[in-house]
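Colleague: Based on the sequences and whatever the hints tell you, model everything.
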Amino acid sequence: MENTIQAVPQNWYLLLSTFMFCIGVMGVLLRRNAIIILMCIELMLNAVNLLLVSFSSYAGNAEGQVFVFFIMVVAAAEVAVGLALLVSIYRNIASTDIDILSKMKW
Amino acid sequence: MNTLIYTACLGLFGLLAEIFNLRKYLIPIMVLGLAVIFSLNLQTWNHPETHFNGMLTDSNFSTAFSGLAIFIMLIILILAGDFYTSSDDEKHISDYMAILVFTLCGALMMFSYANMAMLFLGIETLSISLYVMAGSRRFEVKSNEAGFKYFLMGSFASAFLLFGIALIFGVTGTFSIDGIGVYMRAHADQLDPLFIVGMLLMIFAMLFKVSAAPFHFWAPDVYEGAPSLITALMSTLVKIAAFAAFYKLLSVCFVFALGKAEIILTVSCAATLLIGNLVALTQDNFKRLLAYSGISHAGYMLLAIISLQGSTDSALFLYSAGYAVASLAAFAIAITVFKATGTESISGFNGLGKKNPMLAAGLSMAMLSLAGIPPFAGFFGKYFIFSEAMRNGYQNLVFLAIISSIIGVFYYMKVIVAMYSKPANEFEVKPTFSYQLVIIVCILLSIIIGVFPGLFTKLL
Amino acid sequence: MTQTIIQTSNLYLPTILIPLLPLLGFFINALFGKKLGHASGWIATAVLFGAFACSLFLFLNLPTGGSETITISNWFYFKNIFIPFAFLIDPLSITMLLVITGIGSLIHLYSIGYMHHDEGFSRFFSYLNLFIFFMLLLVMGNNYLIMFIGWEGVGLCSYLLIGFWFKNQAFNDAAKKAFIMNRIGDLGFIIGMFMMLFYFNSLNFDVVTIGALKLGMGNMTIIYITLFLFVGVMGKSAQLPLYTWLPDAMAGPTPVSALIHAATMVTAGIYMIARSNVLFSLAPHTLDVILIVGTATSLFAAVIGLKQNDIKKVLAYSTVSQLGLMFAALGMGAYESGMFHVVTHAFFKALLFLGAGSVIHAMGGEQDMRNMGGLGKFIKITFATFLIGTVAISGIPPFAGFFSKDEILATAFEHNKVIWGLLSFSSMLTAFYMFRLVYLTFSSSFRGTDEVKHHIHESPATMTMPLIILAACAIIAGFIGLPTIISHTHLFKNYLASVFAQSKLIMPAGHEMSHSMEWILVGTAVTLALVSIAFAYQKYVMQKHVPAADENVKGISKVVANKFYVDEIYNTVFVKPIMLLSDLFLVVVDKLIVDLLVHAIAFITNQIGRALRLLQTGHVGFYMFAMVISMIILLAVQIFVVI
Amino acid sequence: MLTLILLLIPLIASILVLFLKGESVKWFSFFATIVQLIFTFYVYSVFQNKEAAKSLLAINIEWISSPKINFNIALDGMSLLMVFLSNLLMPLIVLAGFNRTQERSHIFYSLVLLMHFALIGVFVSFDGFLYYIFWELALIPIYFISLNWGGVNRSTVTLKFFIYTLAGSLLMLFGFLFLYWNTNLHSLSWFDLTVNHICSCKQGFIFWMFFIAYAIKIPLIPFHTWQPDTYSTAPTQGTMLLSGIMLKMGLYSLLRWLLPIIPNGVAEYTPIAIALCVIGVVYASVIAIMQTDIKKLFAYSSIAHVGLIAAGIFALNMQGIQGGLVQMLAHGINVVGVFYCADIIINRTGNSNINSLGGIRLLAPRFATYFIIIVLGSVALPLTNSFIGEFMLLFGIFEYNSWAAIMAGLTIILGAVYMLRMYQKVMLGDLNENVTVFEDLKWNEELVLATIAILIFVFGIFPKPILELVEPIATEIFKISFVK
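Residue numbers (this note's numbering), protein chains in the order written: chain E, 1 to 106; chain U, 1 to 460; chain V, 1 to 643; chain Y, 1 to 484.
No wet-lab data here; the hints were simulated from the structure. Here the structure is a predicted model, which is why all the values come from computation and not from measurement. Heads up, the beta-carbon is just placed ideally off N, CA and C, and yes, glycines get one too. It is possible that part of the hints are untrue.
What the simulated footprint calls covered on chain E by chain U, stretch by stretch (three residues with Cβ under 8 Å from a Cβ of chain U suffice, anywhere in the stretch; the number is not a length) [stated by the list, open to error]:
1) 26-37
2) 47-60
3) 63-70
Computed far set for chain V versus chain E, every beta-carbon distance over 12 Å [unchecked claim]:
4) 10
5) 57
6) 168
7) 444
8) 458
9) 465
10) 516
11) 547
12) 548
13) 550
14) 565
15) 633
Cβ-to-Cβ under 10 Å is the rule here; a few derived chain V residues that face chain E [said to hold, decoys possible]:
16) 617
17) 620
18) 621
Modeller: Have a look at this one:
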């Protein structure tokens, strides 16, 4: 049984999502704006989602896709909490630059 | 499984309590509820069961750790009563309580998961609640910073965890930890590289969660910035939950491929021991000190994880229990002192031995237990872990752990010295009744575990 | 493992009474001395007379040549080594017992008068009794360990008595010095005992003797044992190089000097060698060492004695010199002669010291002879008895010293002419400085202040009585050992014969000396003594020469007067370096090296902590960067190293 | 069962005393220690009756199943000797505090009694792990005693002491763990360990783990630097505990847990150990000669004395072992005596520098008498308690190596040098201007010192009961640990 997902070889999914994941990681490491970092983390999660979906499809096993739903829900919750924290930080220091957040060190 | 459901219900009740205007009675009700749940949890003892199509399993392992976690939460809730006293806190008390109980839910899932999905959900439930709680002092930059740092790094690490899970799923086609274990046993000699990478990524993520070096960076900052009570929670419940999950993951899933991760685990363990103890030497802030001490304890517990054979699980449990009671006692006293003196520095403890000998004695015992000196529980935990590691041939690591315990004694003693030989400051320190109760109970437990460790090692 | 020995001997009771009585006296005086007042002195004296009576009983009841072992208990044991608490009664120990208790009781009696005004009266007597107790243990023990107990015990009492007037730190220094010098010797003694234990598994005299005989002549083991024992002897009997404590020990009250540092304790070394005569006879090299050390000490001390001005110091050096003479005798294997001289010396030296005490008593504490003179007129009894003592020590017949000294010189002549020459010279010097002492003290006119002169008085009867008795002994004691030219029965030699019988077998005596030769020797000795007396008379009576004040002494005299600077040399060579070493150890090794090392470890640990702490920059970006980097590194290591 | 009671009396007393106040604290503690002492005599009488002893004195029940730890307590001659020493000294130590006022005395005495409990525990444990627990437990009370009631600089000094000794004991813990998993019986029971030795290739390693722990505790050079400071800083009763009993733990452990457990390792490294001990004897003695602080002087002298004991033990022969045991008892009594005398002096004059003291004998003749007796006891004069021990020890060393014995024998001379120098400067001479009044002994002080003085003579004159008490076990240990 062919489906649209399987039109592309599995390794390509793997490469793509690894690539996306790495972009996410690089973004997290290189950017200083908290919101962009948040986005990059979302990107990493989505890379995982993509990977899971493709694996799930190739294995003919729906578990992976179910898992993706979990991830999406959790990611949404995470973003909600993250943004809320960000808002309160912004209220206090009027900035979203993560480098300013270094009151506690050593 | 029932434990989890009841706990979730208790959390929901907390949220609803606001509607019924039960603020005043909320904490007693919650405490009572947890006590009931604690006893219900005991019923699963020796009744291993699987629920939700293999998503959760009850086993003695999960029951024991659940019991411990519920106990910790119970203590935290008792402490919360006199901790959240400002008017702002009063307003949010039901939220706080509910979120704390949800944290427990996450932890319970982490003890009894049988599926990667539940592991992930457990970790996230736990973490997200904690992000909120760590940042719950909205107007304090420190608290904000702690919450946000924790959040950023925690979700970053979660992504690695997920990527690992995805890769393993890709290779094995299942999320069930038993299934993965079966796959591994079958393919132990020729494992797919993808699987190994997935496993290592998961291990990295778990190392992050247990705050092992070199993934420990979040811990000191977050511990310092978070409200003290939450720090207590993080250093006990969260750490124990993470370790239990980590232990289960390795012992059920990856046990046959552990050789492939040996270097990582060994290096991490050694680094954790050294960094935790060495950096703690130089700390002046008590919470930060406990954070580093917590890192070093993670090192000892990693030793149990590495050994992973025989009765390591009971060693880990004993260690966790000993560590938890000592930490809780220490935090209960520290919170009292912080409140009285308004500083979190060790100098706040100066002369406590004269001002309040009972409190000082309690903290001394807690510190000695953390330092691993008999007859307190901390010693036995260490002893069992060292013994297990020795049995499995990790002599060098044990030796390193011994050396680092010697270093560790220095900073625990620093607190004791401050209490007994520095001139007293002018603040009067007087713990409330609930704090006294907690301190006495925890210290007594610490001694009981120390004198009858057999009672606890036989649990698993 | 215990042996039970039932005592049936009729000697049992007197034997144990001998040490017990002084011990009892000690306890009475120590516990109730304050309340007893002056009665304590009489009690102390009485117990000693009791002990003397018991000794006499033993002397009379022990069959000639017999010996008896009186076991009190099996003191302790380890491995297969049993150490009994037992006494050996034989002629040798009886000789010593008689000397100790006899002279001891006289000196106790004397002390009652001498110490009458001292506030530590009862304390003094308790110490004296304790001393006698230990001294008796020393000579009565049937094994080396009991002897050692006495050996150290007398050292302790010597310490306590030298420093009796403890307010004076110089006296305390002297006491300490005596104790420590003795302990140096004791170490040698102990090592000697270890060797005996090791080779013979016992310390009993009889067992050791048998064991030594088995090893045979000239065995290295025996040489080592005897050499170590001799180290002990050097300390106790003030031989070169450990003699310096004895002159200093004169800081104690004069009866103490008489009892401990002249008559009894210092002769313990001679007793020990005599007791171990078989061992020493089997080790000819050790005997040579003893001979040389004895001769050298005799001469050396005699030379120093020439220039001393303190009346007691002169006597002290004379004691050292006489002890040297005794050791020379022992070194030649003439144990009886040595013992004989011990006995006669005990009489006349005790007499001299007590006489000197009487002089000091009369002078109100003054000891410098330069401030005396002409005392013969004031204190006649003292003068007369003192003169007898001096004549005796100078070796003028028929006084006691002559016989014993002559015997030694005769043996020396046979043994080695050089030694004989040296010893004769030393005797000559002795005669000279002793008469120098007498002339300076008793003849010509008084040189002290009028106040002192007014004070001069004869001592009470408690003090003069002992002087008279001792003087009588000093005259007649020599007759127990008449030389062969006069009589064929040498009472003393015969009495001790059984003790030294085995030694005589090992080293047979040389041929009998011809009578004419011996007459020549006697003549030479007496002539030499008379010449030096005359010389002294010429210098100190005719010329009325008075020794110069300390600061005016020049040249060789100064060196001699300062005792050849031996104390100073010891100070520089031993004491100072040890003190320096002590500081060095403490400051450099302890504080700087060891402790610094300990602290350095702590410091370095702390510094590493400080360095690592900086990793925690507070920047969440860095944290995540570090996480990722370490992940990559760990992954790389894991994958490339393991897989 | 009797052993358990022996163990429990101090523990219960330690808890009960917390509820008392004022003078009753001291009386109660004294009462408890006296009861304990009397009970010890009873136990001794039972022990003499060998057949009955076995069942009455030993308890062996499982405590923890894996790793197997038994609650295994028993008494043999050596344990009984050490228990006897502790119980003998304890009443004296408590009594010594009667005329001192202490803040929070109930806590103080509770800690003292807790320490007593731990010390007894160390001596009666026959399971390595149990022994280790007590070993560590003993450290805590003394640390808090020193920290709370100590003198100047107490926080740094006691911290050093604590870390130092703890470091040693953790190494020992490592050694025990190693032993446990590397012997085929998997047991730390003394009876198993002495029969079933670990492979001799690993013994050398364990030797160092144990040796360092004990060397720190005893202390031997170069691990001794904590000791002089601690002894001079700790409150007197603490110093008495430390020097009188606690350092005996180290020596006792050499005999109990080192020699018979790893005979080959010991045999291999004996030369080094003896060299360290003997050097320590001379080294510490020489330092003591120039010490001016009276407590430090005694501390160094103690290093010298225990160095000798350790050397004798390592000589691995009967007289060394037996002499070591006898000397432990003697040293315990003497050292408590000297430190108490030092305390009386410091307490009366407020001065611990021997150069600014002097002439005390003029004012306090009775004190002077006791002091000189104790001083003579510690220089091992014959007929005092330490003579027989020192004699046997030196003979033991002699049998091992005669040069070592001569070196160690220097203690005979040097001991006299520093002790008499100290006594002369402090007690003799004319009154120093710093010493104007010096009250003679109070009743409790006199009682303590008189007891010590009597003990010094009793054990010096009648050493046989002690030697006989320890003979069987010394023979056993010798047989096990003697390697050809």
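Colleague: State for each hint whether it applies.
Modeller: So, going through the hints one by one against the coordinates:
Against chain U, the stretch 26-37 of chain E contributes 3 residues with a C-beta closer than 8 Å to a partner C-beta. That satisfies the three-residue criterion, and the hint holds. Only residues whose C-beta sits within less than 8 Å of a C-beta in chain U count toward coverage, and the stretch 47-60 of chain E has 7 of them, enough to reach three; the restraint holds. Counting residues of the stretch 63-70 of chain E whose CB lies closer than 8 Å to any CB of chain U gives 5, so the stated coverage by that chain holds, three being the minimum. Interface exclusion of residue 10 of chain V from chain E stands, the closest Cβ pair being 93 Å apart, more than 12 Å.
Non-interface call for residue 57 of chain V relative to chain E: holds, since the shortest CB-CB distance, roughly 92 Å, exceeds 12 Å. Distance check on residue 168 of chain V: its Cβ is at least 66 Å (rounded) from any Cβ of chain E, clearing the 12 Å threshold; non-interface status holds. Listed as outside the interface, residue 444 of chain V is consistent with that label: its C-beta sits roughly 95 Å from the nearest C-beta of chain E, beyond the 12 Å cut-off. Distance check on residue 458 of chain V: its Cβ is at least 93 Å (rounded) from any Cβ of chain E, clearing the 12 Å threshold; non-interface status holds.
Residue-level check passed: residue 465 of chain V sits 93 Å from the nearest beta carbon of chain E, beyond 12 Å. With a cut of 12 Å on Cβ distances, residue 516 of chain V stays outside the contact zone with chain E, its closest approach being about 107 Å. For residue 547 of chain V, the non-interface assignment is confirmed: its Cβ lies about 83 Å from the closest Cβ of chain E, beyond the 12 Å cut-off. Annotated as non-interface, residue 548 of chain V keeps its C-beta farther than 12 Å from every C-beta of chain E; the closest such distance is 82 Å.
The claim that residue 550 of chain V is not at the interface with chain E holds, since no C-beta of that chain comes within 12 Å of its own (minimum 75 Å). Look at residue 565 of chain V: its CB is around 68 Å from the nearest CB on chain E, clear of 12 Å, so calling it non-interface holds up. With a least beta-carbon separation of about 15 Å from chain E, residue 633 of chain V lies farther than 12 Å from that chain, consistent with its non-interface assignment. With 10 Å as the threshold, the beta carbon of residue 617 of chain V comes within range of chain E, its nearest partner Cβ sitting at about 6 Å, so the hint holds.
Hint status for residue 620 of chain V: holds, given a least beta-carbon distance of 5 Å to chain E, under 10 Å. At its closest, the beta carbon of residue 621 of chain V sits 6 Å from a beta carbon of chain E; the interface hint therefore holds under the 10 Å criterion.
Comparing the model with each earlier hint shows no violations; every hint is respected.
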